[in-house]
Amino acid sequence: MNKKVLYAIFDDEEILLESVKVLRSKEIEIEEVYSPFPVHGLDVALGFKETRMAITAFIYGCIGLSFGGLLIYYIMISGVGKSWPMNIGGKPNFTFYQNFPAFVPIMFECTVLFAGHLMSLTYFFRNKLYPGATTTSPDPRTTDDKFLMEIIVEGDDNKMRKLLKRNWCF
Amino acid sequence: MKTTKKYWKGLAQLHDDPIVEKLAQNEFVENLPVDEFLGDKENLSSTSSSRRDFLKFLGFSTAAATLAACETPIVKSIPYLVKPDEIIPGVANYYASTIYDGRDYASVLVKTREGRPIKIENNGTCSNSRVQASVLSLYDSARLKHPLKASEESNWRTVDYEIKEKLSNIRDGKIAFLTSTILSPTIKQLIQEFAEKYNNVEHVMMDSTPYDGILDANLESFGSRLAPSYSFDKADVIVSFGADFLANWMANEYATDYVKGRNPKNGKMSKHFQLETNLSLSGANADKRIQIKPSEHGYLISSLLDGIKGNKFDSRLEKIVKALSNAKGKSIVLSNSNDKNVQLIVNAINNELSNYDKTILTNQPTYLKQGNSQAVDNLLSDMKDGKVSALITYNVNPSYSYNKSKQFNEALKNVELKISTSSYNDETASLMDYVCPDSHNLESWGDANPKQGNYSLMQPTISPLFDTRQFQETLLSWTDRSDYFSYLKSFWIEKGIDWNVTLHDGYFHLEDKKIKLKKFVDRSFPIKNTISTDLELELYETIALGDGYQANNPWLQELPDPLTRACWDNYLTISAHTAKEFGLENWNVSNGALNGSMVNIEADGVSLQNVPVLISPGQARSTVGMAIGYGRTKAGKAGDGIGFNAYPFTGKKTISIEKVEGEYEFASIQLHHTMMGRDIVKETTLSEYIKDPSSGNHRETYATYKGKLTADKVTLYEAHDLEIGHFWNLSIDLNSCIGCGECVIACQSENNIPVVGKEEMRKSRDMHWMRIDRYFSSDMTEELSAKEKISMIDMFSEMEEPSENPEVVFQPIMCMHCNNAPCETVCPVAATTHSNEGLNQMTYNRCVGTRYCANNCPYKVRRFNWFQYSDNDKFDFNMNDDYGKMVLNPDVVVRSRGVIEKCSMCIQKIQELKLNAKKSGQPIKDADAQTACASSCSTNAIVFGDSNNKDSEVWRLRNDERAYDLLDHLNVRPSVFYQTKIRNKA
Amino acid sequence: MHKESEIRDPLILGNKTYHDITRDIARPVEGKANKYWWILFGLSVFLFLWGIGCMAYTIGTGIGAWGLNKTVNWAWDITNFVWWIGIGHAGTLISAVLLLFRQKWRMAINRSAEAMTIFGVVQAGLFPLIHMGRPWLAYWVFPFPNEYGPLWQNFNSPLLWDVFAISTYLTVSTVFWYIGLIPDFAMIRDRMSKTISPMKKKLYTLLAFGWSGRAKHWQRFEEVSLVLAGLATPLVFSVHSIVSMDFATSVIPGWHTTIFPPYFVLGALFSGFAMVETLLIIMRKVVNMEAYITIKHIEYMNVIILFTGSLVGTAYITELFMAWYSGVAFEQYAFLNRATGPYWWAYAAMMSCNVIIPQLYWIKSIRTSFIATFILSIFVNIGMWFERFVIIVTSLHRDFLPSSWTMFSPTFIDIGIFLGTIGFFFTLFLMYARTFPVVAQAELKTILKSSGSEYKNKTHE
Amino acid sequence: MMTSLMKNRLLHILVLVFISFSTVFSQDAPAVIDSAAVLKGEQIFKANCTACHVMGDKKLIGPGLLGVTDRREKEWLKKWINSSSDFIASGDPDAIAIYEEYNKVAMTSYYFSDPDFEAVFAYLKNPPVKAKVLDVDSVIASEDDGINTSTQLMFIGLFLLLLVYLLTSLKNKLKASLDQETETIPQTLFNQFNLFIGNNRNIVFIALASFIIVIKFSFDTLSGVGVYTKYQPEQPIAFSHKVHAGENGVDCNYCHSSARKSKHSGIPSANVCMNCHTYINEGTITGTTEISKIYEAVGFDPDSKTYIEGYEQKPIKWVRIHNLPDLSYFNHSQHVVAGKVECQTCHGPIEEMDVVYQHAELTMGWCIECHRTTEVAMEGNEYYTELHAQLKEKYKGQKITVDKIGGIECGKCHY
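Protein chains in written order, with numbering that gives the first Met the number 0: chain A, 0 to 169; chain B, 0 to 985; chain C, 0 to 460; chain D, 0 to 414.
None of these hints come from the bench; they were simulated from the model.
Be aware that a few hints might be false.
Said to hold, decoys possible - One-sided and incomplete, this derived list gives chain B residues near chain A with beta-carbon spacing under 7 Å:
id, residue
1, TYR716
2, GLU717
3, ALA820
4, GLU823
5, HIS833
What the hints assert, rightly or not - Distance condition first, Cα-Cα at most 20 Å in a straight line; then the derived SDA-like pairs of lysine to any residue:
id, chain 1, residue 1, chain 2, residue 2
6, C, LYS200, A, THR135
7, C, LYS199, A, GLY131
8, B, LYS681, C, ALA328
For glycine and all other residues, C-beta sits at the position ideal for the given N, C-alpha and C.
Can you make the complete structure from the sequences, with help from the hints?
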C-alpha cells in the first residue's frame, strides 16, 4: 500500500475554498491547509469543530476572580486566619460586603489578568507554539501569498491531480 | 506640676563624702568618653542605626561594621566600668535646675538619658522657646573647648597664673567687671570678695535691651531703682504702650497670668488695649490695638494721664480712658519706653488708678533687669581715657550688642588686661587677651534670685563636655580658692534652707528683708505732641532669637516668627501703605517663595546696606520695625551672617531709607495671610459668649432622610471600636494660645525633628511637626461683597489682602489624628494605620514614599524627608554634628530619606506612661498624660489626655460648647479639637 | 468573504497583490534605514540618556531634587504618568474595540498603535517607580508572603489598584500584540535566506514560535484575538478609570469629583489618537508606508479626535457647573482658582488646545491634510499634558487651609526626566519600526479584496 | 518558627510546673508551714543572697546555706543578718569563727522586715530539693523532640524499604508460580521507574512538584536572610551563664539589673562582677585565666585584694548577641514586669549555656506570632481592671491576647 502526500498550491483563497468544498464533497481526506492569512469559512469547509478557546478563557477568568476575591478577603477582612486586619482610615473591615466597593477594581483586574494570560498560554500550548520551535509549512511561500493544501492519496494519484487541475490549480 | 516625676536630688543626697573631686566623679558618668567615641569617626559613620541611642556610644559604644546582609553584624557592647547609681541605661532622669543666660531666666526640669540632657521641661515658671532650645546650645560645637590666650589654645594653669599675676600688679587703674544682670547672690558675693583681694574693682551690669527708663523712674518715684512685678491675672484693664509683655518685655513670666485673667468661663475677661508701632505678639492678642508712631508715645501717655485726671485728652484714647476709670486698682498701664520721663508719667497714671500694691507690686520687684546704661557709658569713657586697666566681661557681648560698639572696640585698645568669660569666641571675646570659657548652665552649679523672695538653684546634669570652667569657679580660683559647689552649698545652708529638698524642687522662697520704699512722689511733667512726618524706627526682639545670645542655635534660627512667619532672617517691617510710597514691594516667585526689595537705612552716623523689606500688616504708617539679635559675625556656622545687626540703631528714632536695586530672598513659610472667608478659626465676642456659650461655633448641617444633620452624624461606615481602652485627645484653646512658638521647639527637641536650613524653608519644605498658623483679618468679607455686588473673582482676590491694622489669630496645627483619616486609606503599603487608641500611626520603616497621604491630608501636616537630613553635609546642622547628635531622643527614630513623618502625639511618651502604669499596677493619672507641646505650653492652651476617661480634663473640654473640629464638614473626626477664640470687644 | 460598498474609499492604495503587501511590509526589516530614521533615532537616544542621568541623580540624592514641597507633593511626576497612560490607551482601543466593531481601517494601523500603547505604558510605569521616596522598596506594593508577620498591602488604596491595573494592562496588551505578530514574524522568517543573513533568520525563527499557518491554528488565532479584544476593551476603560480614582477618591477639592472616570477615559482616547497620528504620520514617511496608512485612516481618526475632544470639553464645563451648583465654598474656589489663579495660563492652554483647536476638524480640508493633522495632533498632546498638570497642581497648591498654600515650579531635573521618557519612547518606537512588521500584513491581506483600490476599481467597471 | 515557639511555650509550662513542684516538696517537710512563705522567701533569697551564698554546701563568698537552719538558731541568724559586724563585735564565738574563716569579711547587713525574715527562714528550712535539676532536665527534654522527629522519619524510611522488599519478593513468588522470569529488586525498581517516567502526566507532575519545591526553598532561604538564630560569637571573657545562673543559681536580675526597670536588660558593669570576684579568684572551669581579665579591666590586684591606684581602667568589649534593628522599639521591663514573661521564653535555656547563643529568630513575624498567642497578664493589675471588664464583655469567652489590646499595631513598636 503506497501512500503519497500531494501538495496542491493555490494563489487565491476563493479558489482554495472552492476546491476544498469539492474535495470534501468527494469525501477526500484533506490532511492540512496552510494559508498566509485566515481564510473565512475555511474551518467550516474543512468541517473543523468549534474551538474551545473562549470556554477556557471563561474558566480562567472565574479562577482569577475567585483568586482576587480570596486574596483580598484573607488580607483585608478582620479575624480571618492569621491575616492582619488593621483599622485603616476607619473603613469598616468587619465583613467583605461592607468593604466590597473598594475591592471591585482589583478583583476585576485579577480576572482579566488570569483570563488573558492563561488563555494565551493554552493557545501556545495547543498550537505547539513556543520560542525555538522550527516547524514550518512545506512551502515557505505559504506565509507570503500562496495557499497550500496537503492531501494524502493512496495508490494512483493522477485521478486526484486531474480533479485538482479541474479546479484551476497547478 | 510634675509632682509625679521622679526627681534626683543631685549628688548631695547620694554621697555625703565631702571631697568634691570624688563627688564630681561619682555623680555623673565619670568616664563620659565623649572624645573617645567622637574620635572614633569610622564607628559613627558605619553605624547604620538611625535611632542614635546614646548607649551605643557610651553605655555600649557600638563598633558595628554591618557586613553583607547575610552575615551577622558584629556589634560590640561596652558596659560602664563603674555604673553611677542613678543612671539606669534606657531610663530618663529628671533634674530640677535653672536656665539663665543673661537674658532669659527659667526654673526648669532637665530630662537626661544615660547622663546626657536631652530635653528641657518647665518647672512651674513660665519659659519660652529660647529656654526650650538651650539644651541644643549645650552641644554647640562652636563653644570654646579650652581657655584661650591671645586667641591661641592654652590651659587653665597658665591662664590663671598669668591673670592673677597681672591683676595683682594693678595699682591705680580700675578693674572693671562688665556683666549682664546678675541674678546669682553667690556671684555677687564672689565679686565682692574679689574686690577685697584686688584694688579698685568696679562692677557694671548691662542689659542687651536697656530698661533704665523704668528703673530710674522708679528710683525717683519710690527712691529705689527697681522694676515692679505685675499680676496680670488681677487686672481687668491692661493698657500697654508698646510693651510686648507676652513675649520679650522684661521677664518672660507674664503670659500665664495674662491668660488666667482671660478665661471666659468666669464670665469676664481682662480688656487689653495695645498702642504700638510694630505688630507685636501682645498687640496680636490685644482686644483693641491702636497704631502709633514712636514719637507720639510720650504724648499719648501724658494725654492719657490728663484723661484720667478728667482733663481733655486725645480722642484716640476715648475707650481706654473710659475703661481705665472704671477699673481703678484693677488695671495695669505699661510702656516699653526707655525714657525716664515717660515712665514717670506711667507711674503717675498707675498711682492715679491706685494700681500699686494691687496689680503692680513694687514691694516684690523682679531683678531680671538691673543694667545701667549710664554706668556702661561711664565705663566706656573711662576706658577711653585709659583709667581702666583690666576688663572682665561675663555673659555680655558689648562688641556686638552695645549700641556704641564701635567706640567700645576702639576703647578696648587702651585696656591692658582684657578677659572674657564667654563660652564662645564671640565678637567681644575675640578681641580679648584671655578667654576663660564659662560652662553651659546645664554643666554648672549656681543659684538665682529672679524676684524678691524667689530663689532657684542650678545643678549640673552632665560633666563639662569641653575643658571649660564656670565663671564662679574662675572667680574662686582668682581669689586662690576652689570648689564652688561647697561654697554654694554652705552659702545656702547658712541661709537655713534644706539643701536636698531645695535641690529636688529646684526653687524655694525666702523671706527677704522688706525693701524700704519712699511714699510715691509724682515727678512727672506732661509731654507735648510733636507731630513728625518722617520715617521712624522701632527695634524689637523676635520670639526666636531674643538678643541673639543663642544665634548659633539652628532650632531658633528656623523657628518662624509668629507674625511674619519668616525665619533665618531679620528685615525691615513696613506697612503696605508706606511701602507703596517708597516703591517697595514683596512678591512670590514661580515656586511660591517670597521675595522682597531692599533698602539702605541710615540714621545719624549709623547705616546698613541692602536690608530687605517685609511688608507686614499692623505696622504703623511711616514707621519701620527691625529685630535685634541678628547679624552676628562670630556666633558659629549656623548663626554667622544671618540677617543684619540692628543694635547700633538703639535709641535712634528717625531714620531715612532709600530703595536699592536687587531683590532679597525670604524664607517665609506662610505665603497667604487671610482665612479667605473660611470657617477655620471660629471666634466670637465675650458678650455673645455670655449670652450663648456655643456662639461662634456654628456647624453646617446637611439634609438627609433623617432630617438636617451635622457632618459627623452622616456616615456610611460602621465605626471601629474606640470606646474600649484609651482614646487620646488633644484640645487646643485658641483663646489661651498666644502664639509664642514654645511648643514648636519643645516638639522639635522631643521628636528629633531635623533642621533643614533657609533654602529648604524657602521652598515650603519645613519639617516642623507642629506649626502655628497666623491669620490676619481682611477688609473684604463675603457679607460686604454680597452687599456691594462684588464679583466672586474680585472678592477672593481682595480677600487675600490683609487689613492695615488687622485682627490676628493664631492656630497651632499638628496632625489631627483623624479617626476617618484620608491619609491612611490611600497608602498602598499600609504604612500609616490607626491604633485602637485613636492615634494615627506613621510607620517610617514601612513607608515607600509615594507622598499620596501628604496630598490627601486636608491639614497638610505630613512632612516628607526630601533629602537625608542627618549625616549630610548639605544640611550641616545639629544632626550632622557629632556633638549635636547627643541631643537626640533615643526613644524616637531619626527618619531616613524618602519617608513621610508627622506628629505622633508623642507616642513614645504615651507608651512610657502606659508601661509605668502597668508596671506599678496603677490606673493612669490624668495629670501624667502629657505631650511635649502640652507640657511646654506656658499658658496651658494645649491639653492632652484620655477622653474615654470621664474625669479627665480633656473629656470635659471635648464636651465644652466651645469645642469644634477643624474642617468638620469633611467628617474626618479629628482627635485634636479646638476651642473657639473669644474677643473682649465692646 | 465580506463585501463592501464601492463608495467607500480604498484603504490600500496602488494596485497591490498579496505579494506586494508582503514585500512592502518586509522592506523596512530587510532594507537599510533612511536618513530620517537615523536623525530621529540619534535625537531620541540623546534625550533618553539625559533622562537616565536625571533619574539617577534623583534616586541618588532624593526627591528633593524636584520642585515639590509640603503642599504640592505630586506635580510633573504624576502628570507625566497619567499623560503616558492616556497615550497608551488608543492602541488597545483601536485593535480591540475597532476589532469588535469590525472596522477594517484599523488593520493598517493597529500594529503600530499597540506598539505605541506598550511603549507608552512602559514610560508611564517608570514614574510611579521613581516618584517613590525609596524606590528600592518598590516591591513592597506587591502582595508576597513575608516574614513580617506576614504584612500585606492596603487594598483600599487607589495606588494599589493602579499597581494591579497597570501591570495587567501592560502584560495583557503585550501578549495580545505578540500573538498578532507571530504570523508576520513567520512571514519574515520565511523570506529570510539562511545564507545571506543567518543571524536574522535565526532571530525571526525564534520570534515566530514555529508558526506555519495551519487552518486550525488560524481558527484558534481568530478566536483568541477576538476573546483578547473582548477582555482588553473593558480593561482599557478600567485602567484609566482606576487612574482617575487616584484623584476622585481623595478629599482635595478639584480632585474629589465623580465624573473623573469617564472624563479621564475620554481624555485618554483623545490624547491617544493624537499620539497615534503623530507617530503614523512620521512613520509612513520614515519607513515609506504611504500606501497603507492613507489619508482615509487619518481622517477617520480625526473624526474620533473631534468627537472625544468635544466630549472632554463638555466634561470641563460640567466640572465648572458642578462646582458652582454644589455650593461648596472650597470646590468653588478650587475651580475659580484654576481659571483665574496663578496657574490661569495652564488652564487657558488646556482649554484652547483640547477644546477649541480640535474644532477645526469640522473643516474637511483640515481633516484630510497630513500637515494640518500633524500640527493639530501635537497641539492636542500638549493640551492633554496641561490638563493633567492643571488637575494635579492647581488643586493641590491651594487646598483647605490658606496657611499652607504655595506654588510649584519644576527644576531642570523634572524637565529632564520628562524629556527623557519622550526620548525613551521614540527610541523604542523607532527600533520597533526597523525590526518589526509595522503593519499586520496577515490581517491586511484579508481585506485586500474588499478594500484594495485595484479590486474596487474592478468592481466599478 | 512554630517549633521553636512550641518549645518556648513547653518550656514556659515546665517552669510553671516546677514552681508548683517546689511547693509540693515543701509539703512533705516535717513542720507544717505555708508554701506561700517559702515561695516569697525564695524570691527574697534569689534577689539578695545568691550573690554570695548557694543553696547547697558549696562555698561562694559566704558558706553554702543548705541546712543552715539546723546549724544555727533562728535568733542567731537574725542577729547575723541584721548586722554581722555588730554581732561579731558583741563577741559571739561562732560569729567570730565564721568571720575568721571567710578572710575577715563581715557580711553586708540586710534589714528584713519580720515577715520577710520569716519567709527567708522558711525557705532556708524547706529548700527546693533538686528542684533546679528537675527544671533543667525538662528543658533538655523539650530540646530533644526535634531530634526524635528526625529519627522517626528514619524509621519510616527503613520500614518503607522493607515493604518494597517484601512486596517484590511476594511478586516474584507469584511470577515464579506462573513461571514467568522473576526480577531482582533493583530491576523492579528500575522498570517501575521507567514505566513511571514513561507517562507524560507524571513528567508534568514531577516538573510541577520540583518547581514548587524550588520556590519554597528559595522563599525560605530569602526569608532566612537577617535571621541569626544560634548566633554564638566568641566573647572577650569566657563567661559561663551555666556556672553563674545555672549551678550557682545567681538570679538573672542580679547582673542584668535594669531588665526590670528599663528597655535595656543591661550588661553588668565590671564593678558588679567585682562584688563577688573580689573574693572568688578562681573559676570552676577556666581557673584564674578568665577572672583575671576582669581584674585587668578594673585594675585589681587579687593578691593584695586592692585596687591599683591611678590604674587606667580598660572597658570590656562584649560582643552583642541579640541585635534588634533600631527601627523597632523593644522594652525589657515591658515584657518581664508588665508581661510577666520568663527570660527563657526568648533567650532560651540560658542557664544551660556555657557560651550564650541567640535562641529566638527575633524576626518581626516571631514577635507578632507571640503577640497573637500570648494572653495578657491582667489579673491583679489595677491598670487593667476596667479595661479587662470591657474586653471580657467584647470578646466573650475568647482568650484576651496581646493583639486584642492593640499589641500588633505598627505604632506600638515603630516610632
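Q: Go through the numbered hints given earlier and state which of them the structure violates, listing their numbers in rising order.
A: As far as the earlier hints go, not one is violated by this structure.
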